[in-house]
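Asker: Sequence:
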Amino acid sequence: MKRIIAAATISFALISTGLPSAQATLTQAGSMMPIVVSFDQKTVTLIPPSSTSPGKWTFTAANPLVATVIGDIATLVGAGYSRITAVQAASGAFNTVSRVTELTVTKGVPVIAKIPNQTVQFAANTFTIPTPSSTSNGAWSYSINGASFATLTGNVIKFTDGGTIYVTVNQAATAAWAATSLNFLLTVALIPPVLGTFGDISLNRDSVTSITLNPPSSTSTGAWTFESSDPSIATVSARTLSPIAIGTTTISATQAGATPYASITVTMKVTITGTAPTVSAWPAIAQPFSPTSTKTFILNPPASSSPGTWSYSSSDPSIASIAGSVLTLTKPGIITLTANQASSGSFSPVGPITTTVTIQGTPVLTSLTNLLRVAGDPDIAITAPTSASPGAITYTSSDSNIVAINGSSAKIVGAGTATITATQAASTYWLSASTTFTVQVNGIVPTLGAFNPITIMADNTPIVIAPPTSNSKGSWTFTSSDPSVAKISTNSIIGVKVGTATITAVQNPGGLFGQSNIVTAIVTVNPAPIPTPTPTPTPKPTASATPTPMPVSSSTPTPSAKPTVAPAKLAIIKVSILKRVVTVTSTLKTVVLTIDGKKSALGKHTLTAGKHIFLVLQGSTIVYLKTLIVK
10 MKRIIAAATI SFALISTGLP SAQATLTQAG SMMPIVVSFD QKTVTLIPPS STSPGKWTFT
70 AANPLVATVI GDIATLVGAG YSRITAVQAA SGAFNTVSRV TELTVTKGVP VIAKIPNQTV
130 QFAANTFTIP TPSSTSNGAW SYSINGASFA TLTGNVIKFT DGGTIYVTVN QAATAAWAAT
190 SLNFLLTVAL IPPVLGTFGD ISLNRDSVTS ITLNPPSSTS TGAWTFESSD PSIATVSART
250 LSPIAIGTTT ISATQAGATP YASITVTMKV TITGTAPTVS AWPAIAQPFS PTSTKTFILN
310 PPASSSPGTW SYSSSDPSIA SIAGSVLTLT KPGIITLTAN QASSGSFSPV GPITTTVTIQ
370 GTPVLTSLTN LLRVAGDPDI AITAPTSASP GAITYTSSDS NIVAINGSSA KIVGAGTATI
430 TATQAASTYW LSASTTFTVQ VNGIVPTLGA FNPITIMADN TPIVIAPPTS NSKGSWTFTS
490 SDPSVAKIST NSIIGVKVGT ATITAVQNPG GLFGQSNIVT AIVTVNPAPI PTPTPTPTPK
550 PTASATPTPM PVSSSTPTPS AKPTVAPAKL AIIKVSILKR VVTVTSTLKT VVLTIDGKKS
610 ALGKHTLTAG KHIFLVLQGS TIVYLKTLIV K
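Just so we're aligned, residue 10 is where the sequence shown starts under the numbering used here, counting upward by one.
Simulated from the structure, these hints should not be mistaken for lab results.
We put the CB at the ideal spot given by N, CA and C, even for glycine.
Misleading hints may appear alongside valid ones.
[As the list claims (entries may be wrong)] Using C-beta positions, here's what the derived DEER-type ranges look like:
#1 V373 x G458: 16 to 22 angstroms
#2 R92 x A148: 46 to 52 angstroms
#3 N146 x N192: 28 to 34 angstroms
#4 V335 x T263: 15 to 21 angstroms
[What the hints assert, rightly or not] Below are the DSS-like pairs computed for lysine-lysine, each with C-alpha atoms no more than 30 angstroms apart in a straight line:
#5 K482 x K613
#6 K620 x K588
#7 K304 x K340
#8 K506 x K496
#9 K613 x K583
#10 K598 x K578
#11 K51 x K116
#12 K51 x K167
#13 K420 x K496
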């Protein structure tokens, strides 16, 4: 406090005596803060106080043993205290001023290079501690601990055995630098002994009760000890090994250090075996995989004479995973299943045993669109269905006379409807699958000639029906409106009784031609002629007798029945189809209904799928004739 007051007094005196005249401007200057730095900093830039004068500042240090000043740079010389004086020269109307502050320099922390951990061979006998580099010039000293086998003289360590020595290096403090130290470990490495063979052995549990362990030969005289890693498999007492259970254990043999040789440990594997069980082959497994199939099943292990527990693993759990003995299927594929049987009693473990599991997927083929074509259209390039299977796709046609298949091309051959089946062949782990679509080919309507009226006799004689002329080669279907008058037998008509009936003819699709329009003809059935009786031979007359001629009978045909005149008002027929039920109604109940040539009653009729010919007669007039398709 006295120094600060004295400095303020001096500063005030300088300011008082420095006033040049009554018109001089008094310089207003701030104060300087105390400066505290470490010796490590080497230099300090002095910052002058704020001032209203532009005059130049100069600095001086009171203690050159602490710092020297050139310009505004103070160079640190040592630790301690020095007063720094800042003087501002007079400038123009401004008078000179000065300010004082304190510079405190603390001791620096030396920067010392680290010494890494060191290793020295026992044969060297001594180790010289290296002197690290340091920014301080303090004196060095050394110490060791944790090693009864080592002594220190100066910076030289002498040792009589192997081991680890903890070394401390100290640097003393100086006027400018603080004290410091560092540590490192020195390892004295003994000579590793040279060992002979200590090989793996295998023992049968039922044949050997114990064996004596012999250590490997060694260049060291150190004592040996033995230890089993798994006493549940084999125990070791001193040098006696006793098998306990089937399995494998590691025997560690450790030789104690014996100067100049270090301690060393070697191991061998001891396998305790048992009787090998009899195990059958493990057959390959195939399981279906589909949306409706079971996704898990219990594995049956190979048959074994051992009761040991089986464990399993899957080569690809993304296809099929195993938990215990339950195999869970995830997707089609092929995996390798591995089975191992644990030892049990006197039986040795078994494995690995492998088998192949094929998860056979049922591919789902994409649907194909039904097609409608006209006779004469170009060939169809079939778009193959897709599925997850790589199997090849082949095609077949239900009727090659309508659509013929050539590879993946469908050729239009004739009119009608054919079902095309796309079949995907089975592959590595995919089953075969198929899908179908239809190709309906509309044929050309045949051009028909006249269907002439037919006259036959009621004599039950089949008469071949002459169909109309046609540019189609399709077969003909005939039906009779009244089989009690005239009935159809294949392509013939048979007169049953006198009367008239209507014959309906339809030409079926053939080749590129579709079904023809319906045509009709009236069949007239006349009475059969009365047969002429065969005359009976008469006795030869005598000469006197005059023969009486026998009257010859003759039959006169009954005139044909006249066709019924069509009524003035015709019946209105309605036909409706619901699935396979066809309903026929009429505004007049006197009409005659025939279905496929058979007389039927009005109302509901359940029919088979396919084409059916419906004919309704009112008298001899056709009021309804149509071929209907029942699905």
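Asker: For every hint, state whether the structure bears it out.
Answerer: Status of each hint after checking the structure:
1. V373 x G458: 16 to 22 angstroms: violated (53 angstroms)
2. R92 x A148: 46 to 52 angstroms: violated (32 angstroms)
3. N146 x N192: 28 to 34 angstroms: For N192 against N146, whose Cβ atoms are near 22 angstroms apart, the range 28 to 34 angstroms is violated.
4. V335 x T263: 15 to 21 angstroms: At 47 angstroms between Cβs, range violated.
5. K482 x K613: It is violated: about 35 angstroms lies between the C-alpha atoms, which goes past 30 angstroms.
6. K620 x K588: holds (13 angstroms)
7. K304 x K340: It holds: about 9 angstroms lies between the C-alpha atoms, which stays within 30 angstroms.
8. K506 x K496: At roughly 10 angstroms apart (the allowed maximum being 30 angstroms), K496 and K506 satisfy the hint.
9. K613 x K583: The hint holds at about 12 angstroms.
10. K598 x K578: Given that 30 angstroms is the threshold and the Cα spacing comes to 13 angstroms, the pair holds.
11. K51 x K116: holds (11 angstroms)
12. K51 x K167: Distance ~41 angstroms between K51 and K167 Cα, so the pair is violated.
13. K420 x K496: violated (40 angstroms)
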